[in-house]
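*Asks:* Here is what each chain is made of, one letter per residue.
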Amino acid sequence: MSNKPPKSFLKFFRWFCHPKLRDSIEGDLMELYQERRAENGKLKADLKFVRDVLLLFRPSIIKPLEGYQNLNNYGMIKSYFTIGWRNLLRNKGYSLINILGLAVGMAACLLIVQYVRFEKSYDDFHEQSDNIYRVTMNRYVNGNFKFNSAKTYPAIAPRLKEDFPEIVDYVRLLPDHGILALEGTDQRHYEDKILLADASFFNIFSYKLLKGEAKNVLQAPNSIALSTSASTKYFGADEPIGKTLNFYKDDGTQETYKVTGIFEDAPTNSHFHFDMVVSYSTLLLRYGNNNPEWRPSEDSWQVDDYYTYVLLEKNALPAELEKKFPDFFSRYKGKLFEARNVREELYLQPIRKIHLYSDLQSEIGPTGNYKFIYYLSLIAGFIILIAWINYVNLTTAKAADRAKEVGIRKAFGSQRKQLITQFMFESIITNAIALVLSLILYQVGLSFFQTFSGFVFITTFSDGLFIALVLSLCGIVLSSVYPALVLSGFKPIVALKGVIAISGRGIDLRKSLVLFQFVTAILMITGLLTIRQQINFMKTQELGFDAEKLVIVRAAAYLKTGNEEAYERTSIAFKNNLLQHRQISNVTESGFVPGQEIAWRQGMVRRVISEPSTVDTYHVFAVDERFFATYAIDVVAGKVFSDAFNPKNAIVVNETAAHRLGFVKAEDALGEEVYVDIDGSNKGRIVGVIKNYHHLSLKDNFQPQLFFHRAATWSYFTVKVAGEHLPEEINIIKKEFTAAFPDNPFDFVFMDQFFNAQYQIDQRFEKVFGLFSLLAIFISCLGLFGLSSYTLIQRTKEIGIRKVLGASIGNIISLLSKDSIKLVLIAGVITLPVAYFSVGYWLNNYAFRIEITWWLLTVPIVLALLLAFATVSIQTIKTALASSINNLRSE
Amino acid sequence: MKKYQLGEFEEVVMLTVGILYKDAYGVSIKKEIEIRLKRGVSVGALQTALKRLEDKGYLKSFEGEATEERAGRPKKYFQITALGKKAMEHIKSTRDELWSAIPKVAWEVKIV
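Read top to bottom, the protein sequences are chains A and B.
Going by this note's numbering, 289 is the number at position 289 of the first sequence; the sequence numbering is gapless.
Going by this note's numbering, 1025 is the number at position 25 of the second sequence; the sequence numbering is gapless.
Rather than coming from a laboratory, the hints here were simulated on the basis of the structure.
The beta carbon of each residue, even a glycine, is placed where N, CA and C say it ideally should be.
One thing to keep in mind: the hints can contain errors.
Below are the SDA-like pairs computed for lysine to any residue, each with C-alpha atoms no more than 25 Å apart in a straight line [said to hold, decoys possible]: (1) B:K1056 <-> B:E1108; (2) B:K1038 <-> A:G41; (3) A:K42 <-> B:A1045; (4) A:K4 <-> B:G1064; (5) A:K371 <-> A:F452; (6) A:K120 <-> A:K404; (7) A:K371 <-> A:V834; (8) B:K1085 <-> B:I1035; (9) B:K1031 <-> A:N3; (10) A:K42 <-> B:I1035; (11) A:K63 <-> B:V1027; (12) B:K1031 <-> A:D123; (13) B:K1060 <-> A:E26; (14) B:K1051 <-> A:E119; (15) A:K314 <-> A:D123; (16) B:K1038 <-> A:N40; (17) A:K497 <-> A:L515; (18) A:K215 <-> A:F125; (19) A:K735 <-> A:P745; (20) A:K353 <-> A:F125; (21) A:K193 <-> A:E264; (22) A:K48 <-> B:L1037; (23) A:K44 <-> B:R1039; (24) A:K404 <-> A:E26; (25) A:K42 <-> B:Q1005; (26) A:K7 <-> B:K1038; (27) A:K648 <-> A:A566; (28) A:K417 <-> A:E405; (29) A:K20 <-> B:Y1077.
Footprint (simulated), chain A over chain B, 3 or more residues, beta carbon under 8 Å [to be verified]: (30) 1008-1017; (31) 1041-1053; (32) 1085-1099.
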């Protein structure tokens, strides 16, 4: 029909227009339209109609959002909100307890979840992270497991690629350290985050190259790629590409690198960290061709120093590949295995699992601990659960108060569904406020938590918001369904009579929820105490050597005349010069120092007279003649190296080594010959046995150790100082060091600090565990406080009557606290076995651990009792002291 | 002034409703204003003003007949209420007061 205005606009008008105005305005529009059409034609009339409709689209004409016809629904929702809000305000105390508990719980949970997520995000930034695997190795001697290792032989990777089509590419990494110097400037730093890597490094891993091309940055020997921060350190704002850097290593190596690439600093969540990468081909030049089996060549099956990563095809199955490894290994190394009665197995480790799940020897960097993550997640779950329980408890406890309201609502015809909605809305309001508060707490607490715990992790606010939303949604559902069902289930007549006794079931449920809270709280206190005790134990235990007043100085890496004899001469002179000082009582040089993993493991050690099949792996290191004296290590049998005693090919062993070599008594070992490769000779004679000392932290057991003598080891000096005036003593060492080894940076640490740094992760755990345990206990107490104060109000009259009848204040307090105390006691009884086993499980992580004593398990219960009593009695005492007239009058 | 609030356009609408007396509904008011004041009036602006005036209680409305050209929609007629009249009188008197307060000399100054 041509005499009608555009239909869509008419529809639009009808849709937005206020129903009261709709008809008359539409009439006007139609009238005008007909007139205009007659006068100006259809097109103009249409256009004007459209214009009129659009101009009518304004607030006073548009129907209000609540609508008119749907009056009831919208109105009810509005009413739900109003009623919910009023209830919140009327019971300020309970609302505060509810909101505070929820907010603190959610914020704590959020922090932990964010941290856990970060820990789980390790290495997921590699685009091919699903297909990158690390090749790891287990070694068996005579069929017995000897050790596992994150490192393998350099020959493995290229052979794997040749033999298995599903292996697309590989990269080998060898960490390196030494002095890097920009010639002609004073930019001369000790660098310990250097990696030597195959040319495929930037192709397999997704570290971002900013300058240079991934495929040829690491091709040529002596190429180096720097991180942006390393580049800034040496070159400032200058263009680094093409510049050269000199490298000096403590084995006399001197190389000149050309900068070929710049990469963005590696993300924190990478399982290894590095500031610079040097081309693998550099290594081939460094070690030359003199010993093809030992040099880091494609043929070496002997030096297991290399971290090997392989890139698998997209749908390759690592488990299938692993099955083919035994054949592969025996093909290349079978003869060696047979000759030595050794077996080695290769495994593939997904790169994303390394950080949390890998716990091998010689990891490339410190790894995380998935147990720790599990415990933390558990704590997070407990905390949020406790907060929700508070909500459920307080709401159902107050049910009686609302019984009349429910009765009247039902009498007016409220359906149960509507009542449920009503109570759900109240919980939504509470949760929403708690959500906002928890986000604020989280934002404020994040940086505090990071500095406090030492866990640095990167998160975004939107992540936090998302998790918080999910949490509060779960909270709304979990915490509001039960109270809503209980409250809406009251029978109207009974409810109106006002004789609603909260059902026995409800009280039981509340009690068991409180019970659960206290079980958790007691468990957490037990855990906290255990961790504290264990760390204390580890730090105060006799180490078997004297860690006090020892200064460790890194040996020089750079020598103007770079050979070993020159170093030895300088080193001996340096040590003798130090000893001239009154403040310095002893100085020694050793290949390794306590607190540091001994990287030198010899696998073919056995007694000369015993069967070849008895070979085993021992930790070996070289020490000079003053090592045992400086560290004050006890001698069990024979003699140890000293100024007067350092015969050729002599070795000193510790008790564990003597035992493993088959000597029952330490004395038996003296004079015995042992096959061990030291300084060109393959035999050593045991001259002394030392008492076991803790070379590593008390988390690790004693390892068999062999020591041999070398006048200069080119690794670490340990200086025993008087400790009267440390800065001055350090200054003396520094002066002598710089005089002896000019142009070398002077780095030192204190032995005790260095050794205790091994407990850093445990101490962090203690802090985090402590913090969150306290929070959990706080929230539990909050809930108990709310609950007990509510019960008190209900029993005010009873108390008044009891007092009138002659009850003493003590009687009343004990009457009112009895229930809570009983609950805590039951919680304690339940906790005992759980705590016993979980604490034992935790302590099994440590080689040297405290025993579980009775007080470790009972003190937390007593603490919880005291806490519960204190919480309850704040109010109990108030009520008990109040005049009974007031109590009786209360309505 | 706060007592009777009336915007310029609202005043025009009120006056026009008065002029049209018993025949004041959307289209007629619109046409009357357009003819007398020679200015375009959109349906939206007019309806907004009418609704506001009605909300203030200056106008009252009743439904009238439906014609064919209006596609069967009723006309909505407007009438000035007593309150509306008071408001209009108030405005007129304040204007007159202001007019009479202008000194004669003011008119002799030529404003260029």
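*Asks:* Below or equal to 25 Å on CA atoms is what counts here, so check K1051 (chain B) against E119 (chain A).
*Replies:* Violated - the C-alpha atoms of E119 (chain A) and K1051 (chain B) are around 63 Å apart, more than 25 Å.
*Asks:* Going straight from one Cα to the other, do K1038 (chain B) and G41 (chain A) come out at no more than 25 Å?
*Replies:* 23 Å, holds
*Asks:* Three residues or more, CB to CB closer than 8 Å: is that satisfied between the stretch 1085-1099 of chain B and chain A?
*Replies:* violated (count 0)
*Asks:* CA of K42 (chain A) to CA of I1035 (chain B), is that 25 Å or under?
*Replies:* 23 Å, holds
*Asks:* K7 (chain A) and K1038 (chain B) were given as a pair; does the straight-line alpha-carbon distance stay at or below 25 Å?
*Replies:* 31 Å, violated
*Asks:* For the pair supplied as a hint, K63 (chain A) and V1027 (chain B), confirm whether the alpha-carbon distance does not exceed 25 Å.
*Replies:* 22 Å, holds
*Asks:* Given the proposed pairing of K497 (chain A) with L515 (chain A), does the C-alpha separation stay at or below 25 Å?
*Replies:* Roughly 33 Å separates the two Cα atoms, so the pair is violated.
*Asks:* Can the restraint linking K404 (chain A) and E26 (chain A) be considered satisfied, given a maximum Cα separation of 25 Å?
*Replies:* This hinted pair is violated, its Cα atoms lying about 50 Å apart.
*Asks:* Keeping to a limit of 25 Å between CA atoms, is the pair of K1056 (chain B) and E1108 (chain B) held or broken?
*Replies:* Distance ~41 Å between K1056 (chain B) and E1108 (chain B) Cα, so the pair is violated.
*Asks:* Between the alpha carbons of K215 (chain A) and F125 (chain A), is the straight-line distance 25 Å or under?
*Replies:* With Cα atoms ~20 Å apart, K215 (chain A) and F125 (chain A) stay inside 25 Å; holds.
*Asks:* Below or equal to 25 Å on CA atoms is what counts here, so check K353 (chain A) against F125 (chain A).
*Replies:* 13 Å, holds
*Asks:* For the pair supplied as a hint, K193 (chain A) and E264 (chain A), confirm whether the alpha-carbon distance does not exceed 25 Å.
*Replies:* The hint holds at about 15 Å.
Comparing the model with each earlier hint shows violations of hints 1, 6, 12, 14, 17, 24, 25, 26, 30 and 32; every other hint is respected.
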